[in-house]
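One letter stands for each residue in the lines below.
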Amino acid sequence: MSAAYTPQPLTQQTLHPEDEGPFPDLAQTQPRHKTAALTLVSRATQIKERGLLLLFFACAIVAVLGVVLIFAFVAYQASGVFPNIGFLKFITGTKWSVAHSQFGVVPFIVGSVVVTIGALAIGAPLAIMTALFLSEVAGPRARAVIRPAVELLAGIPSVVYGFFGVTVVAPLVARLFGGAGFGPLTAWIVLSIMIVPTIAMLSEDALDSIPMGIREASFAMGATQWQTIYKVVLPAAKIGIIDAVILGMGRAIGETMAVLMIVGNAPQMFAGLTKPIATLTSQIVLGMSYAADDFRTALFGMAALLFLISMCLVLIVRLLSRTGKEG
Amino acid sequence: MRSVRPAVALLLALMLTGALGLSGCTKGSTDIVVSGSTTVEPIAEVAGEDYAKAHPGVSVLVSGLGSSAGIEAVGVTRTADIGTSSRDLKDNEKKLGLEVIPIAHDGIAVVVNPANPVRNLTLAQLRDIYAGKITNWKEVGGDDVPITLVNRDESSGTRDAFTKFVMGDTAFNLDAVVLPGTGQVREVIRRTKGAVGYISEGFVNGQVRALAVDGITPSPANIASEKYPLSRKLYFLVRKDLSPEAQGYVDYVLSDAIQEGAVREAGYLPVNPKGGPRK
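The listed protein sequences correspond, in order, to chains G and R. Take the first sequence: its letter number 258 is residue 258 in this note's numbering, and every next letter is one higher. Take the second sequence: its letter number 215 is residue 215 in this note's numbering, and every next letter is one higher.
No lab work stands behind these hints, which were simulated from the structure alone. Glycine included, every Cβ here is placed at the ideal spot set by N, Cα and C. Do not take every clue at face value.
Some, not all, of what chain G presents toward chain R, calculated at C-beta under 8 Å [to be verified]: (1) 174; (2) 178; (3) 217; (4) 218; (5) 264; (6) 267; (7) 275; (8) 276.
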């Protein structure tokens, strides 16, 4: 991930071998005389080299093929939405009832959006401030404790988060606000913790890539540490931090297992923070095991929607990084 | 050289899979096909595995397609040896000449928090509660506590049965919390004072209280006699030309090993309980 923010030395070496890189000796012996060097080694080595390069290429292709195949499959399965359900009925319908063949997905889109925005509203500030602390404030000892802790947070399986939500957060919400404790509020609390590592780690990379000289210049002008952070460092790392938040958003909107366990799964419009709702992901999982015909098509339609949303998010990140580099 | 070795490996792998597939086809001399209700599926599967283990050469294939599909598979298309159903035969299905073998009793208990003073609901009250017309326990003689509805997901056989017994054509209140498992329903009701839910009687424990419906408690005796309104039987349906292997499987399902084992574990009651009804 850090490569995205400190790409200069790498790209220079690989794309422009004729430039004198930071390590001129290396640049001379390896990239420039690549073909000449290869003629000196045996044929077997040459074949091995080619073979390994092909292997790397094949591995890279697997990822591309995976995306293409999954998208084609989902799109194909979802295409039935148009003739069988009606695209408008599907995308603008507010009623979901399998028994009555009503497949309006607006409640789930609203549910996904509500859950995601809330999780970001709590999780993003938490994560960015964590990143600021790690990058700007913390000493080596504090960093040695906090960073692994945040990284561990990323490694916890989502079903464990869900379990935590069901057994700790939901009863707490139930005690404070009544009801059974399932709903957006519970999902916000759990999801905001889940997205902290994504946003914090990427933001920290962005902050670390800001040259020390900028901070030193700011201190030299008489700025305090806080002034340096919010007037100099934050604006400089802005694009990277926005990237991080968008990727965190992708994690929140796509999260399934934990959400399924705590959101209440009621196929109704968002009506309050403690009223159960459902999201696109949770509804797909609940229905998948027994769905048939139009119901199945509708679920694939919802999957296609999710796919489009995450594609848009990735696109935004790419556009942002490009403008960020030019500016 | 470098392209030959993977090709050989691939060929070998293909041949191996082919060989495995073939051996699978030729070895299993007898298949018993069991098809139908998803409610019966867990019992049929456990019994099938045990039976196949005890009888080499026999394999039991269980699929859950729904009761109607099961009755059709055994009676009309004859693609199954045994059909399973969680409902009685309809009039046109009775003409198929199938033998109906009850294999378990199922009663759906309406459960509330133990702190709830309500002990009984009528079927009509239960329907109004789940339709969202009654929203406070004081309307049915309880405390002034809002009712928190707990429902099951639509793939649940228990929800199917509850819909049939209680709701009829009335729609569920969408505000209900939908939980994908019996254990979760029980847990949420244990910790939520105003909650109401439904689970198979066999899963009722001390954490929740089962209500009487129309004045009849969901005791094993009342479920076996179907006096309790939310009770039903689970059936095997077989043709007269049942193969000896399939007959052996049916007998095994009715034996104590399965009746006191898999049937009870699935939350149902045995058809002929050892030493009379439990409790």
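(Q) Could you work out which of the previously given hints the structure breaks and list their numbers from low to high? (A) Violated hints (numbers, rising): 3, 4; every other hint is consistent with the structure.
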